[in-house]
Structure formats: structure tokens, C-alpha cells
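Could you use the hints to bring the two separately framed chains together as a complex?
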Amino acid sequence: GQQVMQIPQYQHVQEGEDFTTYCNSSTTLSNIQWYKQRPGGHPVFLIQLVKSGEVKKQKRLTFQFGEAKKNSSLHITATQTTDVGTYFCAAINFGNEKLTFGTGTRLTIIP
Amino acid sequence: EPEVTQTPSHQVTQMGQEVILRCVPISNHLYFYWYRQILGQKVEFLVSFYNNEISEKSEIFDDQFSVERPDGSNFTLKIRSTKLEDSAMYFCASGDVSNTGELFFGEGSRLTVL
Numbered sequence: 158g159q160q161v162m163q164i165p166q167y168q169h170v171q172e173g174e175d176f177t178t179y180c181n182s183s184t185t186l187s188n189i190q191w192y193k194q195r196p197g198g199h200p201v202f203l204i205q206l207v208k209s210g211e212v213k214k215q216k217r218l219t220f221q222f223g224e225a226k227k228n229s230s231l232h233i234t235a236t237q238t239t240d241v242g243t244y245f246c247a248a249i250n251f252g253n254e255k256l257t258f259g260t261g262t263r264l265t266i267i268p
Numbered sequence: 094e095p096e097v098t099q100t101p102s103h104q105v106t107q108m109g110q111e112v113i114l115r116c117v118p119i120s121n122h123l124y125f126y127w128y129r130q131i132l133g134q135k136v137e138f139l140v141s142f143y144n145n146e147i148s149e150k151s152e153i154f155d156d157q158f159s160v161e162r163p164d165g166s167n168f169t170l171k172i173r174s175t176k177l178e179d180s181a182m183y184f185c186a187s188g189d190v191s192n193t194g195e196l197f198f199g200e201g202s203r204l205t206v207l
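In order, the protein sequence lines correspond to chains G and D.
Reminder that position 36 of the first sequence reads as 193 in our numbering, one-by-one numbering, no gaps.
Reminder that position 54 of the second sequence reads as 147 in our numbering, one-by-one numbering, no gaps.
Pulled out of the complex, with its shape left as it was, chain D reads as follows (with noise of 0.2 Å):
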């Protein structure tokens, strides 16, 4: 069964260093989505992504957060200076229809900020 994939699993770094998150979207979906879980809570929506653009993003997503798609199949998520409070689990999904359907989830990769 098709699946998303993402790597690192984990990754911890230092306050201020970049990073990034790489995700492989399943094939011939065309929406892709960022999101953030930090530990114990909810599933904020960081941005999403449609036609090489960004199509909605959330006010979580400020100037320290970029995402690329670069070759047609990597989806990555760049943290330009990352801070104590982005310490979170973040999962990429992906989807073949947007609004109408159902989100496939990777199994995410957990930031740790020292």
C-alpha cells in the first residue's frame, strides 16, 4: 500500500541552527500539508501546498518556516533559526483530492530544540 514517507525519525539540533524535514508524498497525490503535534496535544495545521505554491498557510508558519518541493517528489520543510518552542513531532501528509478527501499521514519526524 502506497504510503508517505519522512525522514529524519528525529532529529535534535541546537536553538538557532536550520533544519530541515523531508517528506516523500504518495505519488500521484497533488495536495500536500505540514503539520505539528507537540507532544500531548493537538494536530496544528502548519501549510499546505498545491501547483509549486503555497495555497493556505496558518499563523504558526512565520518567515522562520519555508517549504519546497524541489524535484517533482520530495516535499521538505525548512526551519531557518529554530527555537525551544519548535520542539514538536511534525507530519507531512498528502492528498489526491483537496477538501473531498481523506489525508495520508508519514509517520513523522520528531524535532527536539536544545
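Same shape as in the complex, but just chain G (with noise of 0.2 Å):
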């Protein structure tokens, strides 16, 4: 079956720097979508990439996919311990409708 992986697992940063979270993908992809899940909470959508290179922005966070669409990244500027939880990348293939989650990073922020 299909394989999203995600580097790195945890992540612990200091307030303020920048973090990254890569997500990889065995198969080429319709399009991804990303997902925060708050320490005790539920997964809440951030953002949907489709097209090959793309780049969004929101205040902070910039997604990114990858030209081959098999890969895409998260990167959050001068980090806030609100930033703090599991950041997912989820996977949709051509052809059927299963959203597959990623294995997700974990970040922690040391105020």
C-alpha cells in the first residue's frame, strides 16, 4: 500500500527559531493536504496543495509541494507556543477518495 512518511518524528525547538517538517511519498500524488492535531485533540485541516511546485503561504507558515508531487514541506517561521502539536501531511492518489495521513512531527517549543 501506499507510504507517507514524514522526517523528522519530534522536533524541539526554542521560541522564535524556524522548524521544518518533510512529508514523502511512495507514489505520485493527486494532490496533499495538511493537518494539525493539538496535544488531546483532533486533526483540523491547515491547507490543500494541488498543483506541481506549488507554494502557500499563511502569516507564518509556508507549504510547499514538490515539482514531481510526491513530496511536500512545512516550514514555520519564528516559532510560538501555539505552534505547538503533530503536524500531518495527508495523501490523496489518483483515483479513489482515501485521504492517507502521514506519520506525522511532533513539535514541542521550549519558551
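Derived by calculation from the structure, the hints in this document are not laboratory data.
The structure presented is a predicted model; accordingly, all values stated were derived computationally and were not measured.
Check each hint, because a few of them may be wrong.
25 Å max Cα-Cα, derived SDA-like pairs, lysine to any residue [stated by the list, open to error]:
| # | chain 1 | residue 1 | chain 2 | residue 2 |
| --- | --- | --- | --- | --- |
| 1 | D | K135 | D | D164 |
| 2 | G | K216 | D | T98 |
| 3 | G | K193 | D | E161 |
Quick partial rundown of chain D residues pointing at chain G, CB under 7 Å, derived from the structure [as the list claims (entries may be wrong)]:
| # | residue |
| --- | --- |
| 4 | V136 |
| 5 | F138 |
| 6 | D164 |
| 7 | E200 |
Virtual Cβ for every residue (Gly too), placed ideally from N, Cα, C.
What follows is the structure in C-alpha cells.
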């Protein structure tokens, strides 16, 4: 089956430092979504990327979809304590309705 | 803001018992999903449901699992004979456009099988 891997698994950063998580798929994707899950919470949609090479920004968050549509990244500039949580990419393959979540990157912030 | 609601928030059951988890998706959504998350692990797809039938299911979704939309508003997940390894958080999600839009997740139902 499809594999969607994320690295790193855990990231501890000082408040104010930048953070990046990388998502890699074993297959070419139709599109990719990113979700954030706060500790004890549920996944909350952040963004969807559809086009090859697409870059989208949301305030301090920058999302990128690779040219080959097999990888993606999320970069947070100047992290804040509210950024704490696990960030999941979620991949959609052509021809099916299954959203396959990545393994997640758990971000903790040192104040 | 519309939201997906799930009940119960926590269920404790004995191994071998049947469990029904309930979800009320967002009212104008057409696509419904169940996912589960074992503590500390990734979110795993179980099943998708559209037009009153299962559109896709994972290998986890075996004969012990079933889904139903009995009355046009509720969307239920039934586990016929629970096993210890069914202990997890079960998330219901709904979407208005398959494959091309965000999924809205409920807060989850934590199932503990003893």
C-alpha cells in the first residue's frame, strides 16, 4: 500500500526558531493536505496543495508541493508556543477517496 | 461554525462486546469517513461512505466493522466483537467535496477495550 513518511518524527525548538517538516510519498499524488493536531485534540485542516511546485503561505506557515508531486514540506517561521502539536501531511492518490495520513511530526516549543 | 459531533467521548468495554460509535456530520456534507488513531500514532483511514454506501475501505475495516447512516443525520461505526487492539481514538470526518476539499474532523471517541 501507499507509504507516506514524515521527518523528523519529533522536533524540539526554542521559541522564535524556525521549524520544518518534510513529507514523502512512495507514489505520485493527486493532491496533498496538511493538518495540525493539538495534544489531546483532533486533526484540523490547514491547507491543500494541488499543483506541481505549488507554494502557499499562511502568515508564518509556508507550504510547498514538490515538482514531481511526491513530496511536500511545511515551514514555520519564528515559532510560537501556540504552534505546539503534531503536524500531519495527508495524501490523496488519483482515483480513490482515501486520505492517507503521514506519520506526523510532533513539535514542542521550549519557551 | 458548523462542526462534526461524536458520541460517546469515551467508551470502556469488555473484549468481545459490541460497540457503536455515533457521529453527526456537518449537515450539507455528502462524504463521510471514519479514521482511528492508536495513542501516539498516526491517523489511519478505516472507511469512506457516500450516497448511502461504502466507497472505499482499508484492510483494517474487516467483517467486524460496519457503518450505517440510519436516518439521514447520524453516521455510525459498529464494532461487532471488540478486541484489545481496537483500543484507539476513533475520529469521524465529513467533507462536502470528495478528494478536493478539506475534511472536518469530530473531537473523537476514545474506545478502551479491557
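Each hint tested on the structure:
In summary, the hint linking K135 of chain D to D164 of chain D is not supported, as the alpha carbons are separated by about 31 Å, beyond the 25 Å threshold. At most 25 Å may separate the alpha-carbon atoms for a hinted pair to count; K216 of chain G and T98 of chain D exceed this at roughly 29 Å. Distance hint between K193 of chain G and E161 of chain D is unfulfilled; the C-alpha atoms sit about 28 Å from each other, more than 25 Å. Of the supplied interface hints, the one on V136 of chain D holds, with its beta-carbon coming within about 4 Å of a beta-carbon of chain G, less than 7 Å.
Annotation: F138 of chain D was flagged as interfacial toward chain G, and the flag holds, the nearest CB pair being 5 Å apart, inside 7 Å. A distance limit of 7 Å between C-beta atoms decides the matter here; for D164 of chain D the minimum to chain G is near 23 Å, and the interface restraint is violated. Hint status for E200 of chain D relative to chain G: holds, with the closest Cβ pair at about 5 Å, below 7 Å.
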